[in-house]
Amino acid sequence: MSNLVDDITPAQLDELIDLVKKIHGFDFTHYTKASLKRRLQRLMQVKKVNFWGLKHILINNVDFFQEFIDEVTVNVTEMFRDPSFYKALNTEVLPYLSTYQHINLWSAGCSSGEEAYSMAILLQHAGLKDKSFIYGTDINSVMLDQARKGIYSLRNIKSYCENYKQVGIPGTLTDHFTVMYDAATIHNELKKDILFSAHNLIADRVFNEFQIICCRNVFIYFDSILQDEILEVFYNSLCNLGFLCLGSKETIRSPYYKSKLRIINSKENIYQKIG
Amino acid sequence: MDSIDNDIWQRLRLAELILLGGSAGSFGPIFRIVKALPASYSRSILIILHRGKNNFSEIENLFGSNCRISVSEVADKEKVLAANVYIAPANYHTLFETDKTFALDVSEQVWYSKPSIDVTFQSASDVYGDKCVAVLFSGANKDGADGLLKLRSKGALTIAQELTDAEMPVMPKAAIDINAAEFILTSDQILKLLCNSG
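Taken in order, these protein sequences are the chains called X and A. Going by our numbering, 208 is the number at position 208 of the first sequence; the sequence numbering is gapless. Going by our numbering, 70 is the number at position 70 of the second sequence; the sequence numbering is gapless.
Isolated chain A (complex conformation) (with noise of 0.2 Å):
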C-alpha cells in the first residue's frame, strides 16, 4: 500500500467511474467496501456480480438500506450519475454507450454468466478509457481477467484481489496470470483506497 505513490492517487482522483466485479466469495468484500463509502462520494460505481438470472434476491435492498450513497440497480438508457453506486441486474449484460448511458443487452453468457463481468469491463474500456478504475474479487471463474486487460491497456488502473485474501481465487488469478492487474491488493487496502479517494 505504501508503494502506491501520488500518481496513483492523480488517478484515482481524475476517475468518474468504479468498477466492481467478481463471482463466487465476492459478497462480502464489495458489500464491506460499498458500506464503508463516505455519503460524500463522488463517483459513479458499479457493481458485476455474477448471480441467478431469476434471483430478484434483496441484493439491491441490502445495499441501499446498508449504505450512504444511493444504490440502484441499472435502467436502460440511464445516465450514468456521480455519487450513485449502481448494480448490473440479472440475466442481462450491462455496457455502455458513448454519451455515458447505460445500455442493456440480453446476448449469450459469456463464461456462464449474464451479466458477464468480461462485457462490461471492455464496454467500459471503450467509453471511459483511463478515466476509470475497476476491481476484480473473488470468484471461481475467469470471467473478467480479458476485460481487465483491456482497461488496463487502455490506461485505466486495473486491481485484482489479493489470492490469499481471495475465498475463491481462481478469478483474480486469472486476471494476475495474463498481466491485467497494476496492483493486487487486500479487500482491506482497497476499501481504505476507495475511500479515501473522495
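Pulled out of the complex, with its shape left as it was, chain X reads as follows (with noise of 0.2 Å):
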C-alpha cells in the first residue's frame, strides 16, 4: 500500500545514486528517477530507516547490496504478458526461425523466469523446441532463485492461464504444469535447455549469438544514453537477420539503430537486424 513515509528529496536521490556508484560500483545515473525513488522509498519501509539509515546500511554492511538490487529493481513479470505479443511471435517470427538449424534465445531481464518458460512453451507448440537453447538473464539472484525452480503460486498461475487462452495456442497452460497444493511446477521437458544465470546489462557485454533476444519492460526504467548502449549489446549479440522484442511501451527511439534494425511488428515493437 502506498504509504506516506520520508519524502526522498532530488537532491538525496542523486546523493544515493553517487554513494552506490562509488562504494559498490553500481550505476543507477541513467535509470528514471521516478521509479528509482519509488522503490527507494519501499525498501526505507520494508528496512524501517529513514534516508540517513538507508546510508548507513549502504556504506557499513556490505552484505546488504545484493539485497539492495534486489529490492530496487522491479521483478514483476508475468506468463505470456500481452497475449498479442505472443499471437505475432508465432505467427510473424516462428515461422522465420523455424529455418535455422539451432535457435538461441535470450529472455533478457527474465526476473522469475516466466517470460523464459512462455517462450519455450511457444517453441515447443511451434515443433522447434528441440532444437532451442533459451538463456535467461537477471541481476537479481533472488528472482534467478525462482526461475530456476519454474514453481509458481496458482494465484499468479490463474492470471497466466487467461494470458494463455488469448495467445491461441492449443491447449491449456496447466497442461504444461504439474499442480500440488497452492502451486504449480513447471515439467521437466520444459525446463531441459534453459540456463538462468547472472548477467548485467549494463556492465557485462556480449556472451553469445542470438536468432532472437527478447527484453520486455526493461528499457522503461532507463534513459536514453543507457538505451543506446545495452541496444548496441544487443544488436551485436543477434546474428544478421535475428530478432529484437521489446516490451509493447517500449520503441527504438535512436536514429542510428532505427536504421540497423527493420520493424517486423510496430504495435508489438518486434525487430529484425538488418545489416
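Hints were generated in silico from the structure; no laboratory data involved. Even for Gly, the Cβ is constructed at its ideal location relative to N, Cα and C. Each statement offered as a hint is correct.
DSBU-like cross-link-like pairs, simulated, lysine-lysine; straight-line CA separation at most 30 Å:
#, chain 1, residue 1, chain 2, residue 2
1, A, Lys79, X, Lys267
2, A, Lys79, X, Lys21
3, A, Lys154, A, Lys192
Calculated from the model, a selection of chain X residues having no Cβ within reach of chain A, i.e. all distances over 12 Å:
#, residue
4, Phe26
5, Phe51
6, Leu94
7, His102
8, Gly127
9, Arg148
10, Ser153
11, Asn188
12, Ser197
13, Ile202
14, Cys239
15, Pro255
Computed beta-carbon distance windows for the label pairs:
#, chain 1, residue 1, chain 2, residue 2, range
16, X, Lys149, A, Pro38, 50 to 60 Å
17, A, Pro38, X, Asn208, 55 to 65 Å
18, X, Asp193, A, Lys79, 41 to 51 Å
19, X, Pro170, A, Asp177, 42 to 52 Å
20, A, Asn196, X, Asp175, 55 to 65 Å
21, A, Lys79, X, Asn50, 28 to 38 Å
22, X, Thr172, A, Leu81, 36 to 46 Å
23, A, Asp177, X, Gln45, 16 to 26 Å
24, A, Asn196, X, His24, 47 to 57 Å
25, A, Gly129, X, Ser254, 25 to 35 Å
26, A, Ala75, X, Pro170, 27 to 37 Å
With the hints as a guide, dock the two chains, each given alone in a separate frame, to form the complex.
Right under this line is the structure:
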C-alpha cells in the first residue's frame, strides 16, 4: 500500500546514486528517477529506515548491497504478458526461426523466469523446442533462483491461464504444469535446455550469438543514453536477420539503431537486424 | 460553486496538468467532461482509469473520435504536451520524470490496480506541485486518496466527486475522509469548472 513516508528529495536521490556508484560500482545514473525513487521509498519502508539509515547500511554493511539490488529493481512479470505479442511472435517470427538449424533465445531481464518458460512453451508448440536453447539472465539473484525452480503460486497461474487462452495456441497453460497444493511446477521437459544466469546488462557484454532476444519492460527504466548502450549489446549479440523484441510500450528512438533494425511489428515492437 | 472565488480561478489558470482518476462508475462522467472541452483547451490532461490488463478496449478510440482535442495513450519517455489528453495504459503505472516526460513502470499493483491512481498522483505532486489540478471520481476502492492528499499538501487544487453524484462513492469518500479534497463537487460542476478555465 502506498504510505506517506519521508519523501526523498531530488538532491538526496542523487546523493544515493553517487554513493552506490562509489562504494559498490553500480551506476544508477541513467535509470528513470521517478521509478527509482518509488523503489527506494519502498525499501526504506520495508527496512524501517529513513534516508540517513539507508545511507548508513549501504556504507557499513557490504552484504546488504545484493539485497538492495534485488529490492530496487522491478521484478514483476507474467507468463504470456501481452498475449497479442506472443500471437505475433507465433505467426510472424517463429516460421522464420524454424529455418535455422539451431535457435538461441535470450530472455534479458528474465526476473522469475515466466517469459523464458512462455517462450519454451511457444517453441514446443511450434515443434522447435528440441533445436532451441534459452538463456534467461537477470541481475537479481533471488529471482534467478525462483526462475530455476520454475514453481509459481496458483494465484499467479490463474491470471497466466487467461493470457494463455488469448494467445491462441492449443490446450491450456496447466497442461505444462504439475499442480501441487497451492503451487504449480513447470514440467521438466520445458526446463531442459534453459539456463538461468546472472548478467548485468549495463556492465557485462556480449556472451553468445542469438537468433532472438526478448527484453521486455526493461527499457522503460532507462534513459536514452543507457538504452542505446544496451541496444549496442543486443545488436552485437544478434545474428544477421535475428529478432529483437521489446515491451509493448518500448520503441527504439535512436536514429542510428532505427536504421539498423527493421520493424516487423510496430504495435508489439518486434525488430529484425539488417546490415 | 458560487463559493469558488477568484483564488480558485487563478490557481486553475496557472495549472499545467489536470489529472482525472476513477474506477467503477467514473467512465461516464470523465467521458462527458473530456467530450465537452473546447478545441482551444490549452492544458495537459491525464486520465487514470482502472481497467483490465489485456483490455485494449476502445477507450482511446472512443475518446479520440468524440473529442475536440487530441487524445492518445501515454507513451514512455514522451514529453507531456499542452492541449493534449493522455490515457494511462493498462498494466502499467504512469509516472512523471522531472523534465515533464512520462515514465512507465510495471511494478506491483497498488490497491489491486495497475494503473494505480495513487502512484500517478504522488509522482505528479513531485513534478508539478501546485501547478496541477486533480479530481477523484467514482470508484469501489480507496486508490487515489493518499495521492490526492499528497497533491493537496503540495498546493495542488484537489477535488472529489460529490458522494451522492458518484455511482460508487467509496473512492471519493476515502479522499474526503482523510481531508484530501479541497472541494467536493458534482460532475456537472467539475465540467463547468474545467471547460471555463480555458
